[in-house]
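> What follows is the residue order along each chain.
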Amino acid sequence: MSSDSKLKPIEVKIVADPNYVSVVRSAVRSAAALVGMAEEDIDSVNLALSEAITNVIRHGYGGSCDEPIILNINHLTDDPDGEALEFVLRDFGKQVAPETIKSRDLDEIRPGGLGVHIIKSIMDEVSYDCAEEKGMTLRMVKRVKRAP
Amino acid sequence: MSSDSKLKPIEVKIVADPNYVSVVRSAVRSAAALVGMAEEDIDSVNLALSEAITNVIRHGYGGSCDEPIILNINHLTDDPDGEALEFVLRDFGKQVAPETIKSRDLDEIRPGGLGVHIIKSIMDEVSYDCAEEKGMTLRMVKRVKRAP
Amino acid sequence: MSEADKTGVVKNIRNEQNAVVLELRGDIDMSRSSELREQILDVLQQKPAALVINMTDVAFMDSSGLATLVEAMQLSQRHGSSLRLTGLATRVRSVFEISRLDTIFEIYESESEALS
Amino acid sequence: MSEADKTGVVKNIRNEQNAVVLELRGDIDMSRSSELREQILDVLQQKPAALVINMTDVAFMDSSGLATLVEAMQLSQRHGSSLRLTGLATRVRSVFEISRLDTIFEIYESESEALS
Ligand SMILES: Nc1ncnc2c1ncn2[C@@H]1O[C@H](COP(=O)(O)OP(=O)(O)O)[C@@H](O)[C@H]1O
Ligand SMILES: Nc1ncnc2c1ncn2[C@@H]1O[C@H](COP(=O)(O)OP(=O)(O)O)[C@@H](O)[C@H]1O
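Protein chains in written order, with this note's numbering: chain A, 1 to 148; chain B, 1001 to 1148; chain C, 2001 to 2116; chain D, 3001 to 3116.
Please keep in mind that the hints were generated in silico from the structure rather than gathered at the bench.
Since the model is a prediction, treat every value here as computed from it, not as a measurement.
You can take every hint at face value.
Simulated crosslink set (DSS-like; lysine-lysine; CA at most 27 Å straight-line):
1) Lys-1006(B) x Lys-13(A)
2) Lys-134(A) x Lys-1013(B)
3) Lys-1008(B) x Lys-13(A)
4) Lys-94(A) x Lys-1006(B)
5) Lys-145(A) x Lys-2011(C)
6) Lys-8(A) x Lys-1013(B)
7) Lys-134(A) x Lys-102(A)
8) Lys-3011(D) x Lys-1145(B)
9) Lys-1013(B) x Lys-145(A)
10) Lys-2011(C) x Lys-6(A)
11) Lys-13(A) x Lys-1013(B)
12) Lys-1134(B) x Lys-8(A)
13) Lys-1008(B) x Lys-134(A)
14) Lys-1013(B) x Lys-94(A)
15) Lys-94(A) x Lys-1008(B)
16) Lys-1094(B) x Lys-1013(B)
17) Lys-6(A) x Lys-1094(B)
18) Lys-1120(B) x Lys-1134(B)
19) Lys-1145(B) x Lys-13(A)
20) Lys-1013(B) x Lys-6(A)
21) Lys-1006(B) x Lys-3011(D)
22) Lys-13(A) x Lys-1094(B)
23) Lys-13(A) x Lys-1134(B)
24) Lys-1013(B) x Lys-1134(B)
25) Lys-8(A) x Lys-1094(B)
26) Lys-1134(B) x Lys-1094(B)
Over the 10 Å line for every Cβ pair with chain B, so calculated as not near, a few chain A residues:
27) Glu-40
28) Lys-102
29) Glu-133
Ideal placement from N, C-alpha and C gives every residue a C-beta, glycine not left out.
Taking the hints into account, I'd like the entire structure generated from these sequences.
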């Protein structure tokens, strides 16, 4: 694909099973490569998405189950800050107030509690939303820096 | 994933753009690896799926466009012939009578006209259907042979 | 799409004695077969004695890639060029086999064999 | 899941002088971090002087893998074992860096350095 053409929307729908996080990573890797995103950023994006999906499985659904998780990938080309990939992760599980989802103090060394920090460190925009009738929507944007 | 557990359904939705066939291949590779399908069979399945999606873009939609193509992957574990992966490819394009979709005589050496032959050679079951209001449904089944 | 583009289907074109070697890369499917077609036609215009297509870095090819190669073979015959393939991974070779075209093409184990 | 399973997170366990070397493989995420946890706890029960975790074949790790390693480090301190990491690919190392845990762990460039 020529690097100035627009990536059309992609949707990947899985159920809340930790095994599927790797399927999503594979699809995202291919999609991000199509817009020419630098390899290092593809790795980071995949890390952030893994954290986000893991959180949906763990907190949204309270564990592995047959409920759906939907990831939509959109290519934003009109943004004044430059081209970007938008990832919208939708679940139908527990709703929580978006402002309660935050990263913890990193100075305390203990297992866990790092997912939200990782997502916010990697993505250029992160917003949680619970406006729908059921579940949460997590919108993440990563600007595209091309491989040199 | 333990190799006797069941793979839950996966859905990948793209638009009719040839660039996306590689995204589907990546997702299928990861999913098929989760059920322990032999590497060689994963390659073949990806070839058959690429042919099927290419045909939808070319014949179902008459070229690249923004119309959807949906792939559902199901893990069949109750079949008496053994475990299998089922791939259901759905489009909303042109409808044709299923019996008109067939492979050509291979003795004639000319470019093209090999897709349906490849799909049928690789998959253990292939059936086209145009029962829905719009578009075609192609159901393909590949039995799972595990890597030795 | 420029040739410097990372996703370009042609990795390298080399002139050897009496032959042009075209090194391909990446997945060759419907999204890239027309680019491949243009590149091959370009080379065949020069009517080389032989065109060696090295597919060592091709991980995947489907029937749209194959159609391009069949067309290239037919054209090269008309031009009096010899079309030779080398570096086919098992999964690429299987596309030829399933389509029963493995005996129609000249397929070599190595580039040096294809050149000799 | 048997240890022979292709997807097992432990590739190999070796006893070296005063150290156990645990070689991991594959992606370490939520689907495999509990298996990793069990395997590490198993080794730490033997109270080795050092546990060297070689991650050369780990292509991806997320915070559930990291949580397991933090827990392992805290447990190894209680057991008087020294936990050492080696073979971290850039993308694996970056998980430690983003979480500001790269200075908390003993990370070595090579397994021989980790063992000496
Ligand atoms: N998808 C989600 N649905 C509900 N709550 C969430 C979700 N994601 C994160 N949270 C909340 O944010 C907190 C911090 O998440 P995180 O940083 O990933 O750490 P951890 O998951 O280890 O607790 C979680 O403990 C949870 O309360
Ligand atoms: N998804 C589809 N929708 C409509 N017609 C199709 C579809 N797939 C295949 N066909 C029909 O079957 C024929 C054979 O397909 P194929 O073997 O792939 O060769 P080619 O696509 O090169 O013509 C096509 O020419 C077309 O008429």
